[in-house]
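Number of protein chains: 2
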Amino acid sequence: MKRLVLKFGGTSVGSIEKIRKVANIVKKRHEEGNEIIVIVSAMFGVTNDLIKKSNLISKDFDSKELDVLLSSGEQVSSSLLTGAIIGLGFKARSWMGWQVPILTDSNHTSSQIIKIKTDEIIKFISDGGIACLPGFQGISVDNRITTLGRGGSDLSAVAVAKFFETDSCEIYTDVEGVLTTDPAMHKKAKKIDKISYEEMLEMASLGAKVMQPISVQASMINDIPVQVRSVSSGKTGTTIISQSEIDYTKVVTGIAYSKNDAKITLVGVADKPGVAAMIFEPLGKNNINIDMVIQTAASDGKKTDVTFTVKREDLLKTLKLIEENNQYLNYKKIIHDDKVSKVSIIGAGMVSNPGVVYKMFSALGSEQINILAISTSEIKISVLVQEDVIQKAVKTLHKKFELD
Amino acid sequence: MKRLVLKFGGTSVGSIEKIRKVANIVKKRHEEGNEIIVIVSAMFGVTNDLIKKSNLISKDFDSKELDVLLSSGEQVSSSLLTGAIIGLGFKARSWMGWQVPILTDSNHTSSQIIKIKTDEIIKFISDGGIACLPGFQGISVDNRITTLGRGGSDLSAVAVAKFFETDSCEIYTDVEGVLTTDPAMHKKAKKIDKISYEEMLEMASLGAKVMQPISVQASMINDIPVQVRSVSSGKTGTTIISQSEIDYTKVVTGIAYSKNDAKITLVGVADKPGVAAMIFEPLGKNNINIDMVIQTAASDGKKTDVTFTVKREDLLKTLKLIEENNQYLNYKKIIHDDKVSKVSIIGAGMVSNPGVVYKMFSALGSEQINILAISTSEIKISVLVQEDVIQKAVKTLHKKFELD
Numbered sequence: 168m169k170r171l172v173l174k175f176g177g178t179s180v181g182s183i184e185k186i187r188k189v190a191n192i193v194k195k196r197h198e199e200g201n202e203i204i205v206i207v208s209a210m211f212g213v214t215n216d217l218i219k220k221s222n223l224i225s226k227d228f229d230s231k232e233l234d235v236l237l238s239s240g241e242q243v244s245s246s247l248l249t250g251a252i253i254g255l256g257f258k259a260r261s262w263m264g265w266q267v268p269i270l271t272d273s274n275h276t277s278s279q280i281i282k283i284k285t286d287e288i289i290k291f292i293s294d295g296g297i298a299c300l301p302g303f304q305g306i307s308v309d310n311r312i313t314t315l316g317r318g319g320s321d322l323s324a325v326a327v328a329k330f331f332e333t334d335s336c337e338i339y340t341d342v343e344g345v346l347t348t349d350p351a352m353h354k355k356a357k358k359i360d361k362i363s364y365e366e367m368l369e370m371a372s373l374g375a376k377v378m379q380p381i382s383v384q385a386s387m388i389n390d391i392p393v394q395v396r397s398v399s400s401g402k403t404g405t406t407i408i409s410q411s412e413i414d415y416t417k418v419v420t421g422i423a424y425s426k427n428d429a430k431i432t433l434v435g436v437a438d439k440p441g442v443a444a445m446i447f448e449p450l451g452k453n454n455i456n457i458d459m460v461i462q463t464a465a466s467d468g469k470k471t472d473v474t475f476t477v478k479r480e481d482l483l484k485t486l487k488l489i490e491e492n493n494q495y496l497n498y499k500k501i502i503h504d505d506k507v508s509k510v511s512i513i514g515a516g517m518v519s520n521p522g523v524v525y526k527m528f529s530a531l532g533s534e535q536i537n538i539l540a541i542s543t544s545e546i547k548i549s550v551l552v553q554e555d556v557i558q559k560a561v562k563t564l565h566k567k568f569e570l571d
Numbered sequence: 168m169k170r171l172v173l174k175f176g177g178t179s180v181g182s183i184e185k186i187r188k189v190a191n192i193v194k195k196r197h198e199e200g201n202e203i204i205v206i207v208s209a210m211f212g213v214t215n216d217l218i219k220k221s222n223l224i225s226k227d228f229d230s231k232e233l234d235v236l237l238s239s240g241e242q243v244s245s246s247l248l249t250g251a252i253i254g255l256g257f258k259a260r261s262w263m264g265w266q267v268p269i270l271t272d273s274n275h276t277s278s279q280i281i282k283i284k285t286d287e288i289i290k291f292i293s294d295g296g297i298a299c300l301p302g303f304q305g306i307s308v309d310n311r312i313t314t315l316g317r318g319g320s321d322l323s324a325v326a327v328a329k330f331f332e333t334d335s336c337e338i339y340t341d342v343e344g345v346l347t348t349d350p351a352m353h354k355k356a357k358k359i360d361k362i363s364y365e366e367m368l369e370m371a372s373l374g375a376k377v378m379q380p381i382s383v384q385a386s387m388i389n390d391i392p393v394q395v396r397s398v399s400s401g402k403t404g405t406t407i408i409s410q411s412e413i414d415y416t417k418v419v420t421g422i423a424y425s426k427n428d429a430k431i432t433l434v435g436v437a438d439k440p441g442v443a444a445m446i447f448e449p450l451g452k453n454n455i456n457i458d459m460v461i462q463t464a465a466s467d468g469k470k471t472d473v474t475f476t477v478k479r480e481d482l483l484k485t486l487k488l489i490e491e492n493n494q495y496l497n498y499k500k501i502i503h504d505d506k507v508s509k510v511s512i513i514g515a516g517m518v519s520n521p522g523v524v525y526k527m528f529s530a531l532g533s534e535q536i537n538i539l540a541i542s543t544s545e546i547k548i549s550v551l552v553q554e555d556v557i558q559k560a561v562k563t564l565h566k567k568f569e570l571d
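Top to bottom, those sequences are chains A and B. Just so we're aligned, residue 168 is where the first sequence starts under the numbering used here, counting upward by one. Just so we're aligned, residue 168 is where the second sequence starts under the numbering used here, counting upward by one.
It cannot be assumed that every hint is accurate.
A pair holds if it fits inside one copy or across any two, identical chains being indistinguishable in the list.
To be verified - Pairs of lysine to any residue, SDA-like flavour, derived with a Cα cap of 20 angstroms: (1) Lys-361 <-> Asn-274; (2) Lys-361 <-> Asp-349; (3) Lys-219 <-> Gly-181; (4) Lys-284 <-> Asn-310; (5) Lys-194 <-> Ser-225; (6) Lys-188 <-> Ser-225; (7) Lys-426 <-> Asn-310; (8) Lys-329 <-> Asn-493; (9) Lys-526 <-> Gln-279; (10) Lys-469 <-> Asp-505; (11) Lys-185 <-> Ser-225; (12) Lys-284 <-> Asp-309; (13) Lys-226 <-> Gly-256; (14) Lys-484 <-> Ile-536; (15) Lys-220 <-> Gly-256; (16) Lys-226 <-> Asn-493; (17) Lys-559 <-> Ser-529; (18) Lys-567 <-> Glu-365; (19) Lys-402 <-> Phe-330; (20) Lys-284 <-> Glu-199; (21) Lys-357 <-> Ala-444; (22) Lys-355 <-> Leu-486; (23) Lys-357 <-> Asp-334; (24) Lys-361 <-> Asp-334; (25) Lys-426 <-> Ser-542; (26) Lys-290 <-> Asp-334; (27) Lys-417 <-> Lys-526.
Keep in mind that the hints were calculated from the coordinates and are not lab data.
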């Protein structure tokens, strides 16, 4: 007998009809002889609606009360799903976060799970019961309701998998699995059977929507293999697993992109130690994430140009902060461009393939795609291009690295 | 310093704008130097919507999970209201039923409150905080969420008044108080300043919509005076109080009516002991409430006619049950009429006024209104009339007993 955690997202329980469907998937997995713990998100749209309500009350709505408010969404979906499972003739019950309890820190609206009490639920599921837990919510040491932040239901699933020592963690979605790229960008996108945590992390950060990066990270840290499954077929689409368990036949696993970038260049900054810190310190303090950074030394060795990218919504704030600091930075001029996008090739297989960078650049070059900036990691190469050629870039690289 | 419980119903918190308004009423009562505990219902329509969802899942939705589902409604309204109060610059927090805890029995969907723990909240409000509690919900000894049934928020308010020994229990509504009759029936309906628990109970049972009978009963048992207040003016409209504290200047306090009656007559039933029990036993077993009963002995002393009323929606079921039992009852024929209504005069002052019955009947008689059945209690006289004259009957009695 295996012990499974099955997680269903908001779209999967977005209507009564869909909740019935989920109940049938749960039923099937249970009838196959498994012990089942279900994690469920709020019905699609509910959390946003509650956030909207709280914003109408106050732009600065109390975070503790916001957690009380938001946790109601999963309370509704988990009780409805439990009722549906009972309606199919099975023994089932819901446990709210405080009933389990799922103990978290007191960092309201983005709490971290500290511990999950397991004995009561283990007794229930080993007696043939199906346990339904709302995702996203917990309870702090002060006995207040907490939430884990956006995408928190995935985190709940991973934590449940860890504390209940389940045999697998199944994340059900509307797509058939993780794809080699966004099918909206390139029709030849294909399902990836196995992907490492690290690759998935890059895919997620860069725009793949199956699982939140923070949840991939949690499964990586705890080495909990995740099965991404399709709600319609019920079958495993993609397994997210340790790199050591994958035989890499291809250099590149997937092509990710983002369309939310802006590029800033400070021209003629003094080329001396500490200048980069001086540029980025005020940005960091203001929660602006810097993505790519390039520093090009000037020929005279005294002045340098610093180029970096930020999220597009942070552009104006960034420019303001930089300009406020010019008395220290003393740059000659500032140039910015918010019509840029980033495309990345991701693959654990590229570590042992030194020719990958050349292959990528020549492929883009042969399509007249200009590279504005580059950043690399062990399993990823990202380049910045003009926004209007992003689709062409994705298609070119998808084909070049034999993913079509 | 006084300690108050303020209860707001679903229509009073039916929108964000209304929640803001409620927050301002709470603020005002707090600034007047009172310790405040707020009880709040779910936003208007929410509970019905959740019940509808559960019905779509299963006609026989699990009652324990239904309580988890339904309690989410008050969770939303109480956290929103708390956020609104904090937004006005006050110290406030919500406590869910399980956090207080409000301990109930395990009779899911219609639980009774056993005990409320008070120390944590008393500390909070005596430190100047405003406590917001969701009405309608509690927690059972088995650590499961329970609900108190329809109108349960009033029950929560009365129980909080009792366990926290508050100085008053304020029930806020959309109307200006309890009226002498339904203004939709008679424009000259006037606000009643003071009404006894017993009178209110009769008014409530017979159709006044301010407070559920079960909550009036609870306040009567615990002798907790209730102030019915208007959300728009914030002022006390009607005080529901012990009869001994009211000076009765009028015989009749109010005129109630119901339009949901049906009359059944069994003609020619044997006039022997036990026959009434034989008629009503199967009805009671099937949860059909009998209201008025009249037995008229036949002239020969052997046969009798039995007339009684039931709720209109129970008519068909009642007829079926009676017919199934005719082998024992052996009646001659059965007559029924679902176009009847009941009008009642209510007043603790009538006990000492023997002429009231005559006055009522003659008033109706002078308007050619035929009386089909009568029932009386110490503080109430009800008569059954044809539905089409009910408004005329209400107006006639309202005038006759000097309520206009």
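Now for the hints, and whether the structure bears them out:
1. Lys-361 <-> Asn-274: neither (34 angstroms within a copy, 50 angstroms between copies)
2. Lys-361 <-> Asp-349: within (17 angstroms within a copy, 70 angstroms between copies)
3. Lys-219 <-> Gly-181: The answer is both: 18 angstroms in one copy and 15 angstroms across copies each meet 20 angstroms.
4. Lys-284 <-> Asn-310: both (15 angstroms within a copy, 15 angstroms between copies)
5. Lys-194 <-> Ser-225: Only across copies: Lys-194 and Ser-225 sit 16 angstroms apart there, 43 angstroms inside one copy, limit 20 angstroms.
6. Lys-188 <-> Ser-225: For Lys-188 and Ser-225, the Cα distance is within 20 angstroms only across copies (14 angstroms; inside one copy 38 angstroms).
7. Lys-426 <-> Asn-310: neither (42 angstroms within a copy, 49 angstroms between copies)
8. Lys-329 <-> Asn-493: neither (50 angstroms within a copy, 66 angstroms between copies)
9. Lys-526 <-> Gln-279: This pair counts as neither: shortest intra-copy Cα distance 42 angstroms, inter-copy 73 angstroms.
10. Lys-469 <-> Asp-505: neither (29 angstroms within a copy, 100 angstroms between copies)
11. Lys-185 <-> Ser-225: between (33 angstroms within a copy, 14 angstroms between copies)
12. Lys-284 <-> Asp-309: both (16 angstroms within a copy, 17 angstroms between copies)
13. Lys-226 <-> Gly-256: Only across copies: Lys-226 and Gly-256 sit 13 angstroms apart there, 46 angstroms inside one copy, limit 20 angstroms.
14. Lys-484 <-> Ile-536: neither (29 angstroms within a copy, 79 angstroms between copies)
15. Lys-220 <-> Gly-256: For Lys-220 and Gly-256, the Cα distance is within 20 angstroms only across copies (19 angstroms; inside one copy 37 angstroms).
16. Lys-226 <-> Asn-493: Close neither inside one copy (33 angstroms) nor across copies (69 angstroms); limit 20 angstroms.
17. Lys-559 <-> Ser-529: within (14 angstroms within a copy, 94 angstroms between copies)
18. Lys-567 <-> Glu-365: For Lys-567 and Glu-365, neither the intra-copy (22 angstroms) nor the inter-copy (86 angstroms) Cα distance is at most 20 angstroms.
19. Lys-402 <-> Phe-330: neither (25 angstroms within a copy, 55 angstroms between copies)
20. Lys-284 <-> Glu-199: For Lys-284 and Glu-199, the Cα distance exceeds 20 angstroms both inside one copy (26 angstroms) and across copies (45 angstroms).
21. Lys-357 <-> Ala-444: neither (42 angstroms within a copy, 76 angstroms between copies)
22. Lys-355 <-> Leu-486: neither (39 angstroms within a copy, 69 angstroms between copies)
23. Lys-357 <-> Asp-334: neither (27 angstroms within a copy, 70 angstroms between copies)
24. Lys-361 <-> Asp-334: within (17 angstroms within a copy, 67 angstroms between copies)
25. Lys-426 <-> Ser-542: The answer is within: 16 angstroms in one copy meets 20 angstroms, while 77 angstroms across copies does not.
26. Lys-290 <-> Asp-334: Cα proximity of Lys-290 and Asp-334: one copy only (17 angstroms, versus 47 angstroms across).
27. Lys-417 <-> Lys-526: within (14 angstroms within a copy, 99 angstroms between copies)
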